[in-house]
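Peer 1: First residue of the sequence shown? That's 2 in my numbering, and the numbers climb one at a time after it.
Derived from the structure by calculation, the hints contain no laboratory data.
Predicted model, so just to flag it, every value in this text is computed and none were measured.
Hints may be right or wrong, so weigh each one.
[Said to hold, decoys possible] 20 Å max Cα-Cα, derived EDC-like pairs, lysine to aspartate or glutamate: (1) Lys320 - Glu215; (2) Lys94 - Glu250; (3) Lys268 - Asp21; (4) Lys427 - Glu316.
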Amino acid sequence: AGYETIMINCNPETVSTDYDTSDRLYFEPLTEEDVIEILETEKQNGTLHGVIVQFGGQTPLNLAEAVLKAGVPILGTQPDAIDLAEDRDLFSKLLNKLELTQPKNGIAYSLEQARLVAERLGYPLVIRPSYVLGGRAMAIVHSANEFERYVQDTLTGLVPPEILQRYPNDKTGQINSVLSDNPLLFDGYLSGAIEIDVDALCDGKDVFVAGIMEHIEEAGIHSGDSACSLPPQNLSPEIMAELKRQTTELAFALKVGGLMNVQYALKDGVIYLLEVNPRASRTVPFVAKVIGQPIAKIASRIMAGESLASFNLVERKFKHIAVKEAVFPFNRFPGVDTVLGPEMKSTGEVIGLDTDFAMAFAKSQMGAGSKVPQSGVAFISVRDEDKQYIVDMARHLVEGGFTILATGGTQKYLVENGIPATKINKVLEGRPHIVDSMKNGGVQLVINTTDGMKSISDSRDIRRTALLSRIPYYTTIDGALAAVEGIVALQHGNLTVRPLQSYFAA
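Work the whole structure out from these sequences, hints included.
Peer 2: Structural data, given as structure tokens:
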């Protein structure tokens with residue numbers, strides 16, 4: 002577009018900081034002091050048209066106000082719209098005005114207030130501090146006891162040293178001091194809901210919904226850790242149209258210039274709005290490849306003053322299906338638990354692409370470094386609410402030549418429903434138990450869902466052994482169902498590889 006472009010990034014590892022992407026590249030800390038010093042330096046080289054803060058997650062958004070105060074324009078969505086999306090009270094008022102539905106929610110500025118909010122909303126609840134990134138310290142709690150454990154185990158770990166010194170023997174005082182400026186946020190947990198990510202472009206006059214992604218794991222798993230499919234596999238045309246309508250309303254209300262990401266949950270036919278990010282999401286490169294449109298480039302040019310209409314974007318109907326799968330670094334961290342939750346743990350992602358969902362999912366697992374077994378022994382142990390989903394899944398495995406091992410309750414349920422399964426001890430029930438069998442090479446697939454802190458703790462050895470023994474494992478029922486579909490597809494189909502460009506050939 003004729004502009005000289007300058008990149009500032011503190012992380013030389015990332016692809017976005019490739020030295021030939023921009024005219025100049027600064028490897029500097031992303032702090033207010035460093036960034037403004039660079040801006041002052043650049044002003045001496047010519048006219049500084051403005052700064053784009055949409056492509057670096059939360060960190061540059063936090064710097065937007067300081068950049069504006071330094072007399073440098075923000076290109077695209079303005080800081081007041083960013084604040085509106087992030088301020089719980091202001092945003093709730095906006096949603097009420099637009100008549101959009103939120104999960105029940107609350108906010109607490111002290112420990113006593115937090116207990117009252119939790120009792121008023123009722124359990125289960127998603128709890129998160131308002132000042133952390135990547136879902137850090139975010140948790141799903143199912144009871145008052147679990148909430149108190151969250152306070153003791155998690156909140157106290159977030160207290161900075163200067164406050165610890167001020168209240169050396171007073172944990173309540175420490176937490177209240179933190180919460181007075183950075184409140185605790187509460188949301189009703191929508192059990193069994195489908196989570197949906199939407200990426201959209203807006204220039205103030207028009208909106209283009211670039212991608213609607215259906216998460217494979219249910220709501221409650223951090224969006225960065227969930228697998229998702231584009232196009233969605235289980236959303237009706239009516240729900241898709243309503244998602245586009247709500248996204249368009251939000252983009253205009255927030256005066257978005259450039260990219261926006263919205264996270265929804267669908268439960269019992271009702272769309273709940275979970276979160277709006279007036280910036281590019283990590284899903285943008287995925288969406289761009291799947292739909293064949295350079296949406297980050299288009300967003301940049303919109304921010305520089307071009308109109309969305311000038312790009313003549315139209316919604317394409319395509320025959321391929323893409324599955325995004327998260328890549329985890331668990332094998333590098335010996336002590337970490339591999340169970341997924343609201344706190345993000347992934348460090349990358351891959352795409353599985355095919356004309357069939359099951360095969361696309363199987364490819365995504367291979368891309369993420371997981372073996373996809375086509376025979377052997379499958380271990381199944383699931384929480385009570387997931388048992389209704391495992392009969393057909395286990396039947397497909399048995400028909401495909403697998404033998405089923407299961408813990409007591411799961412084995413009894415399978416046998417009662419006509420599926421042959423052999424009982425094996427949990428670790429707490431004594432040897433020989435499931436971990437022994439896994440270490441001896443007797444298990445090729447692990448499906449293990451848990452609920453509540455005790456259950457998660459009891460099954461930790463299973464997840465750790467699966468990781469160390471490189472056995473593919475699934476800790477959500479939706480992930481397990483998709484994995485079994487992928488196994489069946491590989492057993493019956495031919496694995497094909499095609500270049501990305503061929504999917505868009507006329």
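Peer 1: Provide an ascending list of the numbers of those earlier hints which the structure does not satisfy.
Peer 2: 3, 4
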